[in-house]
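Undergrad: The primary structure of each chain is shown beneath.
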Amino acid sequence: MYNNREIMETIKMIEEQNLDVRTITMGISLIDCMDTDIYKSCEKVYNKIYNHAKDLVKTGDFISKKYGIPIINKRVSVTPIAMLVGVSGGDPVLYAKTLDKVASDIGIDFIGGYTALVGKGFAPGDLELINSIPEALATTTKLCSSVNIGSTRAGINLDAVKLMGQKVREAAELTKDFECIGASKLVVFCNAVEDNPFMAGAFHGVGEADTVINVGVSGPGVVRAAIANAPKDASIAEIAETIKKTAFKVTRMGQLVGVEASKMLNKPFGIVDLSLAPTPAVGDSVAHILEEIGLEQCGSCGTTACLAMLNDAVKKGGVMASSRVGGLSGAFIPVSEDAGMIAAAEAGSLTIEKLEAMTAVCSVGLDMIVIPGDTTAEVISALIADEAAIGMINNKTTAVRVIPAIGKKDNESLNFGGLLGYGPIMPISKLKPNTFINRGGQIPAPLNSLKN
Amino acid sequence: MNAVLSVVGKDTVGILASVASKCSEYKANVIDVSQTVINKYFAMFMFINIDNLTIEFNDFVDELIALGKAKGLEIHVMHEDIFNLMHKI
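Those protein sequence lines, which keep their order, are chains A and B.
If you count by our numbering, then the first sequence holds residues 82 to 533, one letter each, in order.
If you count by our numbering, then the second sequence holds residues 80 to 168, one letter each, in order.
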């Protein structure tokens, strides 16, 4: 039996410290929907998603009430659409609109999988899909898109990197009257994972089962509160221990929700993603955890070390709590979605260069960063290449999701609303990497020994 | 199956009675109660068995939250699994 203190602790975590399950994401394979006629293909896609996921929202709400845990989002991820385009040909935007429509009809928050995997080259459908991304994101509301441009085993496809710099800019330009929101739903990966439940990068990998339930938890507020309760003179090892114990509790909740949802929906349970996902709400910030550990503000010297410790401790606590761990599993550092990061960026304490260093020790990458509207496609490509190189060499997932603030002055900001938050424009180097980017070709896969 | 019911709020006459009668109305069996008043604030934890509930558990939760709202109390009803999993290895 548990005692009153434990009951109060759980209730406090949920009521005061913003503990929640960020998402239940159903992965659905669309391999059996492929057809050489794009209209037939779209119809099969709609029907399959509708039939499998029609009860997802209802189930999420039911579990939420049964255990008293908020479940913020219900999402669907699908097989990379580029593969379907490769078979059917035609305008890929038709798939985008189909996915957006079925997402609206079943009431989910986001649908991911408008994706191409081009780490080592372009297969049929890949280029068509990539070229259609800006229009697809401008004409839909719930669709998310991702492109994998490299991996530790394959190296980095610099042709794809060049292309993605252009597409990020175009996605922002096409939605410049709506806070450039198109670019906030587009992420460029190196070492993308196949079972990620988080957006914008979720897609249902080809190695996955037909359908699967993945769960992403959240809980920066709980971790911060636990550290705040520890003595100020506690050693960093004790702080790491506190984080582990808290991560254990948070993950247990995710595991409970995942198992229950998979039982109710009669789908196999996939993974719990151990990521600490912040929201712009006060008290739900990863930056504030770092500050609670003892930094004046996120971005100061010491930030990378604290983040490395936090990321590792969260994994150690979480792994013990769940039967199956996967996805991205780490601390997210999306600037516009984190109240502490926003404050640090506004104060000038946090720079893109520091964020890049931070991504070397945590998942996932340069995330939700607003950059000046006059940033060239080549600079964005080079930023993607830098970030991908960190992922490739360190054998980890990295990603870039930057939003060029088209038509805004450098002292302005973009406000996306909801979970995506708002962010000030952060300065970025304007030096030209054009010759490098225009070389094209493949950055060779790195050596995995002689590590220094 | 058991659930945990927690009630916090300003102390008045009949809080325990009203919560208990709601339980009895829907055949939730009270197994254990711990209750205290600190600085005029009422706090109670009730363990209830929900095997023979006459309505769906989620509707029962709604009923109690509505009772809490009407009486100015913070009432939570949660399935016991969440506490077992979070606090026991």
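Each hint should be verified, as a subset may be incorrect.
[What the hints assert, rightly or not] Chain A regions said to be covered by chain B (calculated; three or more residues, Cβ under 8 Å):
#, segment
1, 88–94
2, 141–155
3, 212–223
[Claimed, not checked] The calculated lysine-lysine pairs, modelled on BS3-like cross-linking and capped at a C-alpha distance of 30 Å, are:
#, chain 1, residue 1, chain 2, residue 2
4, A, 397, A, 178
5, A, 348, A, 139
6, A, 313, B, 101
7, A, 326, B, 150
8, B, 167, A, 93
9, A, 344, B, 89
10, A, 139, B, 119
11, A, 223, A, 178
12, A, 93, B, 148
13, A, 348, A, 223
14, B, 101, A, 139
15, A, 477, B, 101
16, A, 178, A, 348
17, A, 93, A, 125
18, B, 101, A, 93
19, B, 101, A, 146
20, A, 223, A, 125
21, A, 348, A, 121
22, A, 93, B, 106
23, A, 129, B, 150
24, B, 148, A, 146
25, A, 139, B, 106
26, A, 201, A, 490
27, A, 93, B, 150
28, A, 325, B, 119
29, A, 344, A, 146
30, B, 119, B, 148
31, A, 146, A, 182
32, A, 348, B, 150
33, A, 397, B, 101
34, B, 150, A, 532
35, A, 344, B, 119
36, A, 93, B, 119
37, B, 89, A, 139
38, A, 313, A, 146
39, A, 396, B, 119
40, A, 344, B, 167
It is worth saying that the hints were derived from the structure and are not from the lab.
We treat Cβ as the ideally placed atom computed from N, Cα and C, and that holds for glycine.
Undergrad: So which of those numbered hints doesn't the model satisfy?
TA: Violated hints: 3, 4, 6, 7, 9, 10, 15, 17, 23, 26, 28, 32, 33, 34, 35, 37, 38 and 39; rest satisfied.
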